[in-house]
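In case you want the letters, here they are:
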Amino acid sequence: MDLVAENENEVLCEKIINDIQAVFLKDPDLSTFEIIPTILNRNKTPVVHAEHHLGLESWCVKHVYDHAHKAIIGYRRQHQSRYLQHSDVLLKYLNVALLINTDVATFWNIRRQMVQTNHLKINCEFKFSALILSKKPKSSEAFAYRRWLYSFQSHDAIDWPSEFGICDRCADRSANNYHAWTHRQWVLQNAPDLIRSELMITEKFMRKHISDYSSYHYRQTLIERAYELCYYESNELEHLHNLKDLISYYLEDDLEILSTADVLQILLPGVDRAAVGEPRLSSFLYCCNLAAHDIRLCDDQKNMYGERESFENHRRSSLRFIVENCVRLLLGELPGLYLTPRTYGQLQEFNAALKKFDYATNAFLSALKRSEGLLGDSHRKWCTIFLGFNYA
Amino acid sequence: MDFTSFAKPSNVDGNNENNSTDLHFWKHVEYIENHGKDQDDYEYCMTEFLRMSGIYWGVTALDIMNQLDRLDRTSIIDFIRRCQCPVTGGFAPCEGHDPHILYTLSAIQILCIYDALNEIDCEAVVRYVSGLQQFDGSFFGDKWGEVDTRFSFCAVAILTLLGRMEGTINVDRAIKFVMSCCNQTDGGFGSKPGAESHAGLIYCCVGFLSLTQSLHLLDVDKLGWWLCERQLTSGGLNGRPEKLPDVCYSWWVLSSLTIMGRLHWISAEKLKQFILTCQDSETGGFADRTGNMPDIFHTLFGIGALSILGFEGLKAINPTLCMPQYVIDRLGIKPQILSKP
Amino acid sequence: MVKLFALSIFYKGSAEARLLKSTYDLQSFSFFQRGTVQEFMTFASKTIVERTQPAMRQSVKQEAYMCHVYVRADNLAGVLIADHEYPQRVAHTLITKILDEFSAKISADRWETGSDGTIDFNTLPAYLAKYQDPKEADALTKMQNDLDETKIILKNTIEAVLERGEKLDDMVIKSENLSMQSKAFYKTAKKTNSCCNFS
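Residue numbers (the UniProt record's numbering), protein chains in the order written: chain A, 1 to 392; chain B, 1 to 341; chain C, 1 to 199.
Keep in mind the hints are simulated off the structure, nothing from the lab. Among the hints, erroneous ones may be present.
As the list claims (entries may be wrong) - List of simulated lysine-lysine pairs, DSSO-like, C-alpha gap at most 27 Å:
1) C:Lys-61 / C:Lys-174
2) A:Lys-355 / B:Lys-222
3) A:Lys-356 / A:Lys-302
4) A:Lys-138 / C:Lys-187
5) C:Lys-174 / C:Lys-97
6) C:Lys-135 / A:Lys-244
7) C:Lys-155 / C:Lys-183
8) C:Lys-130 / A:Lys-302
9) A:Lys-208 / C:Lys-130
10) C:Lys-187 / A:Lys-135
11) A:Lys-138 / B:Lys-270
Unchecked claim - Restraint-style ranges between C-beta atoms, simulated for each label pair:
12) A:Glu-349 / C:Arg-34: 52 to 58 Å
13) A:Ile-195 / C:Asn-156: 39 to 45 Å
14) C:Lys-167 / B:Ser-234: 25 to 31 Å
The structure presented is a predicted model; accordingly, all values stated were derived computationally and were not measured. Cβ coordinates follow ideal geometry from the N, Cα and C atoms, glycine included.
Kindly generate the complete structure, drawing on both the sequences and the hints.
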């Protein structure tokens with residue numbers, strides 16, 4: 001390329017970058033960014049802005065990225081450790097470079113330094129990273145950046161429901177979005193009081209995204225977490241419809257399971273309830289009822305959509321939850337160990353105990369074992385490996 | 001949602017008729033050799049941020065194909081030296097970028113293949129890696145504090161290759177953290193405690209346990225069940241339930257099963273066929289799936305998986321470190337492997 | 001994903017299919033793509049109707065999407081574009097129901113010359129919204145039982161619907177209903193690597 005053309009090219013790139021920056025300044029509520037496939041330079045600006053949406057025509061992307069990238073690396077080289085003093089100029093290049101190539105950790109790191117030195121406002125950075133996620137909902141860098149930004153904020157001041165909302169949008173737009181669901185787990189760790197709405201949202205999500213197994217996995221950890229936190233809803237305990245139906249199904253009997261006490265008597269005969277404590281038992285019933293609900297959900301979905309790996313895996317996981325937690329209480333372990341073991345030593349110990357557990361001693365569990373054993377060789381093998389059922 | 005999947009031109013969809021069982025050996029050599037020669041190429045510019053790993057993928061693939069001399073050893077080593085951060089001791093993916101444990105591992109792997117560890121300051125690397133360990137045993141990827149089981153693997157892999165596992169990090173705590181990422185539901189591992197099991201991260205965690213001689217902690221039956229379910233009717237392997245098959249998961253699942261002594265639990269022949277259909281017979285290189293664009297990343301993992309499957313004309317590859325076995329032998333390293341039951 | 005994107009009614013004339021009414025739900029597509037998406041969906045619907053015999057049902061897969069088509073014996077046709085996970089049985093039942101309603105309300109003599117502007121039939125958007133959840137179809141159980149699923153012809157790509165000698169690429173270029181922007185889009189949609197983000 002001759003020098004004149006090269007110079008023209010640079011002027012054009014600089015103009016496009018300035019146009020984008022102008023949109024950023026004019027519209028603080030930008031909601032999405034995308035690259036619009038186009039072939040030709042139609043001699044008008046490739047920057048399109050409408051109803052808080054920003055678009056960049058694809059023909060210029062290569063040149064613009066190259067230009068912004070060289071500018072950023074150039075500033076760093078030229079000004080060494082003092083390059084942050086040029087934050088104002090750097091920022092427009094960083095915005096464009098990250099919009100086009102969201103994975104460049106170094107560019108995110110420069111923004112981190114700008115935040116640390118008060119060259120960038122945290123609130124603007126939440127908006128910017130959300131904009132990046134509108135273009136690339138799987139951007140692990142953008143999620144990590146948000147977690148880093150939150151470390152500067154006081155826990156109580158954070159709007160956790162809105163962070164769940166970001167996870168919703170990203171998961172909705174990109175199936176099996178690993179980073180969105182791991183980020184969601186992190187939010188849940190910080191906002192455990194939102195369990196109830198999480199239970200509703202995840203079910204709705206699973207009904208629409210029937211093969212998004214990441215959402216099923218999240219739901220599994222959600223139920224584990226509810227049990228860990230001893231969570232339950234008192235009004236649910238009066239009904240426990242799903243759990244009662246499941247018990248009747250396995251025991252092949254229209255038992256008159258009237259009260260919560262009946263259910264406990266069937267699931268945990270001989271367990272010293274006073275020693276376990278009321279809240280733990282309530283949470284046990286509530287969470288088992290959720291698992292029973294999910295088993296039914298998987299069966300319903302299978303009827304509607306046919307067999308799917310996600311239905312099968314989630315059904316098994318729900319079954320495992322009920323069996324394992326019954327066994328845990330039946331073994332009469334110490335209160336601390338009613339929960340999922342936290343260390344691998346405890347985990348191995350429990351799995352060994354599970355393998356040795358004599359299911360014949362419990363009418364419900366042995367009926368469950370028999371019934372599940374009828375679902376084919378492969379499922380029997382799964383029950384043997386994961387639940388310690390011995391079908392010999 | 002992206003509309004390209006709806007408006008895809010007709011030449012790339014439909015059934016691929018490439019049923020060839022031949023490895024386009026020289027095409028791949030050419031593909032890797034030429035990769036990065038056109039430095040004005042857009043892809044080259046867009047992937048600068050992972051250049052060091054790109055070089056590792058190319059160097060390893062060529063060495064497995066016994067064609068390492070096609071790359072210029074001197075300029076690669078010079079490049080690596082320029083990428084070592086004088087302050088932290090870690091390696092950046094490329095000049096002008098920040099150091100990260102991911103690229104530090106790639107740099108060390110390349111240097112080991114070239115038998116050139118003496119070219120850099122290894123003590124600084126040890127300091128960098130051990131400085132990233134946290135109290136709970138986990139590792140940051142860089143100073144900004146992201147935690148991931150990949151970084152645990154990188155840390156022990158780097159220290160093993162440098163022969164500096166002793167007395168540099170708290171191995172017990174590191175093991176404890178990795179095991180806290182094991183999912184009771186399926187025996188697999190995710191990136192963090194509670195995160196979904198994922199074949200790539202399982203490779204990292206199984207590899208980590210192999211390097212710390214702690215494979216006895218694995219629940220081989222559970223994890224083996226999950227890994228075997230990754231094989232689809234096409235013969236290809238996916239990385240998680242309900243995902244499409246992908247050549248890179250051939251490597252991650254196969255290497256994990258190999259370390260666990262359970263390679264015979266999947267159908268090698270069908271997998272081999274799947275991998276071969278992902279070759280690009282025109283340009284060389286492997287794609288993630290049949291008919292897609294090839295890249296250097298999938299090319300290494302395609303070649304690596306074929307090597308594990310004993311494909312003729314390829315050197316043996318070490319399943320834990322994803323490097324030629326002769327290099328691992330030369331360094332006197334013996335990652336743990338479980339024997340076939 | 002269980003999702004409906006487009007619902008349209010055509011009259012299959014001797015020369016070409018005539019669009020009588022249509023509705024779209026394209027919120028899940030990115031903002032600047034929606035226009036192109038709508039054009040392509042209409043283009044695909046029309047193309048398939050024109051290649052479906054009267055009294056025939058087809059379900060044509062195109063990547064992650066499914067185009068369900070039913071052309072009645074009287075040449076009235078309905079097309080439902082859904083995600084491939086949406087149950088086929090429900091999709092075809094819904095088309096039948098809508099065509100029944102349409103023919104009850106709009107007399108057959110107006111089909112040949114009608115168009116979106118002249119025909120007064122405004123229930124499509126409500127149906128598209130309601131049936132996003134296929135459980136709503138439980139109410140249609142009787143109709144579903146009448147539907148013989150084995151008679152639906154399945155095709156794996158739009159190409160498979162075309163007649164001998166026809167090429168989708170050529171048809172896109174020649175189409176008068178696709179804008180320059182959409183044609184450009186079609187050309188730039190090329191091989192993609194969806195999987196891996198390396199870092």
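Status of the hints after comparison with the structure:
no.	hint	verdict
1	C:Lys-61 / C:Lys-174	holds, 23 Å
2	A:Lys-355 / B:Lys-222	holds, 13 Å
3	A:Lys-356 / A:Lys-302	violated, 33 Å
4	A:Lys-138 / C:Lys-187	holds, 26 Å
5	C:Lys-174 / C:Lys-97	violated, 34 Å
6	C:Lys-135 / A:Lys-244	holds, 24 Å
7	C:Lys-155 / C:Lys-183	holds, 24 Å
8	C:Lys-130 / A:Lys-302	holds, 21 Å
9	A:Lys-208 / C:Lys-130	holds, 14 Å
10	C:Lys-187 / A:Lys-135	holds, 21 Å
11	A:Lys-138 / B:Lys-270	violated, 31 Å
12	A:Glu-349 / C:Arg-34: 52 to 58 Å	holds, 56 Å
13	A:Ile-195 / C:Asn-156: 39 to 45 Å	holds, 44 Å
14	C:Lys-167 / B:Ser-234: 25 to 31 Å	holds, 28 Å
Taken one by one, the earlier hints fail for this structure at numbers 3, 5, 11, listed in ascending order.
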